[in-house]
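Protein chains in written order, with our numbering: chain U, 1 to 315; chain F, 1001 to 1165; chain W, 2001 to 2427.
FYI, nobody ran anything at the bench for these hints, they're computed from the structure.
Just so you know, even glycine gets a beta-carbon here, dropped at the ideal spot from N, CA and C.
Hints are not guaranteed to be accurate.
The calculated lysine to aspartate or glutamate pairs, modelled on DMTMM-like cross-linking and capped at a C-alpha distance of 20 Å, are [to be verified]:
| hint | chain 1 | residue 1 | chain 2 | residue 2 |
| --- | --- | --- | --- | --- |
| 1 | U | Lys46 | F | Asp1152 |
| 2 | U | Lys75 | U | Asp102 |
| 3 | F | Lys1067 | U | Glu11 |
| 4 | F | Lys1162 | F | Asp1152 |
| 5 | U | Lys210 | W | Glu2134 |
| 6 | U | Lys53 | F | Asp1152 |
| 7 | F | Lys1067 | U | Glu43 |
| 8 | U | Lys46 | F | Asp1164 |
| 9 | U | Lys210 | W | Glu2323 |
Computed footprint of chain U on chain W, listed as stretches where at least three residues anywhere in the stretch have a Cβ under 8 Å from a Cβ of chain U [what the hints assert, rightly or not]:
| hint | segment |
| --- | --- |
| 10 | 2155 to 2165 |
| 11 | 2187 to 2201 |
| 12 | 2319 to 2331 |
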Amino acid sequence: MRNPQLNDKGELQHLLTIEGLPRETLTHILDTATSFVGVTAREVKKVPLLRGKSVFNLFFENSTRTRTTFEIAAKRLSADVINLNIAVSSHTKGETLLDTVDNLSAMHADMFVVRHAQSGAPHLIARHVASHLHVVNAGDGRHAHPTQGLLDLYTIRHFKRDFTRLSVAIVGDVLHSRVARSLIHALTIMGTPDIRVIGPMTLIPSGVEKLGVTVFHDLEQGLRDVDVVVMLRLQSERMRGALLPSAQEFFKYYGLTPEKLALAKPDAIVMHPGPLNRGVEIDSAVADGSHAVILSQVTFGIAVRMAVMSILAGN
Amino acid sequence: MTLVLPDPETLCAELIRQLKPHVTADTALVGVHTGGVWLAERLHSALGIALPLGLLDISFYRDDFEKTGLHPQIKPTQIPFEVDGRHIVLVDDVLYTGRTVRGAMNELFDYGRPASISLAVLIDRGGRELPVAAQYVGAKLEIPPGHMLVLDRDDHGKLRLKFDA
Amino acid sequence: MKIHIKNGRLIDPANNIDTRSDLFITAGKVAAVGKGPGGFSANRVIDAAGLIVCPGLIDLSARLREPGFEYKATLESEMLAAVAGGVTSLACPPDTEPPLDEPGLVEMLKHRAKTLNLAHVYPIGALTVGLAGEQLTEMAELRDAGCVGFSHADVPLQDNQVLWRAMQYAATFGFCVWLRPQDGYLAKDGVAHDGEVATRLGLPGIPAFAETIAVATIIELMRATGARVHLCRLSTREGVAMVRAAKRDGLPLSCDVGIHHAHLSEMDLGYFDSHCHLRPPLRSGRDRDALREGLKDGTIDALCSDHAPVDEDSKLLPFGESEAGATGLELLLPLTLKWALEMKVPLAQALLRITQEPARILGLNAGHLSEGHTADVCIFDAEHYGKVTAAALKSQGKNTPFLGIELPGKVRYTLVQGQVVYEAGTG
């Protein structure tokens, strides 16, 4: 089956998922992002690459944070940005997803940044749009959040350099996490030998070992000697189903405190996709401490998104 | 290609000769990746320029992005001095259509407002498509279109000119 | 109407016939097999040279979408699809709108089908009123109206006490209870098999034990009530093993598998192909292989199309929002043949699974070409490979994972009660 992310020349036409991308493609994106970090450090933070191009942010699921970083990234590339909060507009009037996309395409869009609650929605859109349009997945259901995976990869590369010698632990609600899935794919492609997922059985999906990870249900065992700790956000809905009893019990056994962090390597870094739930998955002392690189992730996130958009637009 | 290419070492010496009278303590040198940077490094040390060397990668300022996309290798851009009010000498290896220089100037202007920009090139091969001129030229050479002239550097740092296929 | 079908390879598994033989039809019934009756003067002669002549196919589950879902398909379009697929009898599940829980609705459906004069339609009545899982339907009245069994379609019957009582009541009259083994709570919100693929694609999963727990419950209730049960659309390896053991114990249990599940697995979901959004979900390769073996060794009695036409818009949605189901009536024969070829099952044995065995499960004297019996016949070319295309499908449901794929088997003629109701090439 042809990879729907690639065009006829084998170049990246869309970014839908990290899964299946060659290592060279990921490296290229990270290297390009490095140059954009330089740009964002200048006073004039813009480059004219996407001037005249229209980037439409199609957010079917609310997210001010992610939408804002994509907006900043697109504007720094001199693109025109249009934000569509579909959650409150035509979608609720019964217009189908593809009808909405068709209408927007007719308004001369060049790129869609899509966030949707359903896994596979960006794939459906990418199959449907005209060949000159690019689709960037900003998060679909539990499936993928490729720009997050890339910025996490960038962050790890920045602080740790060599993926092939790393031990990475991903902690929390892996079952519902597109961030976790994208990061797992990214790390395996880059040759990371030891990737661990840590959480109660209710939050670990079936067959996840097949993705190339080791499963731990004991946080202390799972954190032993790791180089990178990635804490996942725990949504309050999880406490309402039959998945978890309470935030307190979760924090006691799976929350990252300084004591638990001490089991990792002394120079381990702590990452989090945000927004933080202090006292639920992460202790404030850790979130504000010297191991945390959470704010760097945000900075790198803009550069990575600029890299993704410019690479796609140039293909 | 039967055209005989001049020795870049000789041309480099010629450029140094031309530039010397115009260099002051405040002169800034900026090399355009990749050939322009090698040349600028040579000029920088030979002319004893006080300010650190600036490096420019114009990948984000090219005008052919639509056609050719983003360059696979983007080199770092470093401008380690204030651009405002500065007299800058932009250095590149070959001046041809003038589009690279236009991109380089646009990028420099995103850093500030220079007092002046002058251009030093090893070879001016004609074929301009924009109103760009070099103030310091190693040699003028007529090269038919369809041939790409590039500057190369061997392992010992010696410069040489050649045609890219 | 006297019809002489000559030169065909007659395969009638029920009567152990698989040989070059002619077939003679008079007044809607099989007049003779082999040698024509004396003085037989045919009104029509069909030359079946190079073709297979077999009993008309019997499909245990085809949704006709009437009443209630006419925008998806109509009785007429789906009946035309049936006969184009060589299907001469089909059973339809009760999940119409309104559900088939009243004799009047059943009679109307049967009447509508009869006036179309295409395939025979055997409605399966609802087990509970409105399929709400609380009150029993008047099963005897429904049987008199024409129902051949009682089912809960795909609606979970969560209250085991109601299920128990329903099975006791059905057993009282000797009715067969048709059940989809799926625990409603365990399957809730799931859209794909809970395993490696669903995890990678981020789709909510339905674990295999959602089926096996239900199978275990049903088997226990069978032991307690003596009810005859037909399990619809098995999908798990474990489920097949449990059926095998129950049959060994002599329980009156039969089961079927959908044609798509006999071929596809979770891997076929690919990049969220909503054509593969089916109920039950496509499971692992090992499950699929167990189903194929189960069909071969007879643990699984029948193959059925599980025909569920879906309108195109309902498939052009993200996987989890798309409607489950695939078109199947015209693929029943090709996919049975494909399975037989791949598993090296002799043609006669394969045809059993879509003729005599479904007839037995439905309690019909059908699926065979015995002398004096109704002449429902399918004549097909087993060597012909045709591509599945939306244009070629007569059903209004154009949704199948097999679109664009070449499959063996092309029906040339279909006869119901001795009348040619379908002839290839006449559109």
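We went through each hint and held it up to the structure:
no.: 1; hint: U:Lys46 to F:Asp1152; in the structure: violated (32 Å)
no.: 2; hint: U:Lys75 to U:Asp102; in the structure: violated (24 Å)
no.: 3; hint: F:Lys1067 to U:Glu11; in the structure: holds (14 Å)
no.: 4; hint: F:Lys1162 to F:Asp1152; in the structure: holds (7 Å)
no.: 5; hint: U:Lys210 to W:Glu2134; in the structure: violated (43 Å)
no.: 6; hint: U:Lys53 to F:Asp1152; in the structure: violated (36 Å)
no.: 7; hint: F:Lys1067 to U:Glu43; in the structure: violated (29 Å)
no.: 8; hint: U:Lys46 to F:Asp1164; in the structure: violated (33 Å)
no.: 9; hint: U:Lys210 to W:Glu2323; in the structure: violated (29 Å)
no.: 10; hint: 2155 to 2165; in the structure: violated (count 0)
no.: 11; hint: 2187 to 2201; in the structure: holds (count 7)
no.: 12; hint: 2319 to 2331; in the structure: holds (count 3)
Hint compliance for this structure: hints 1, 2, 5, 6, 7, 8, 9 and 10 are broken, all remaining hints hold.
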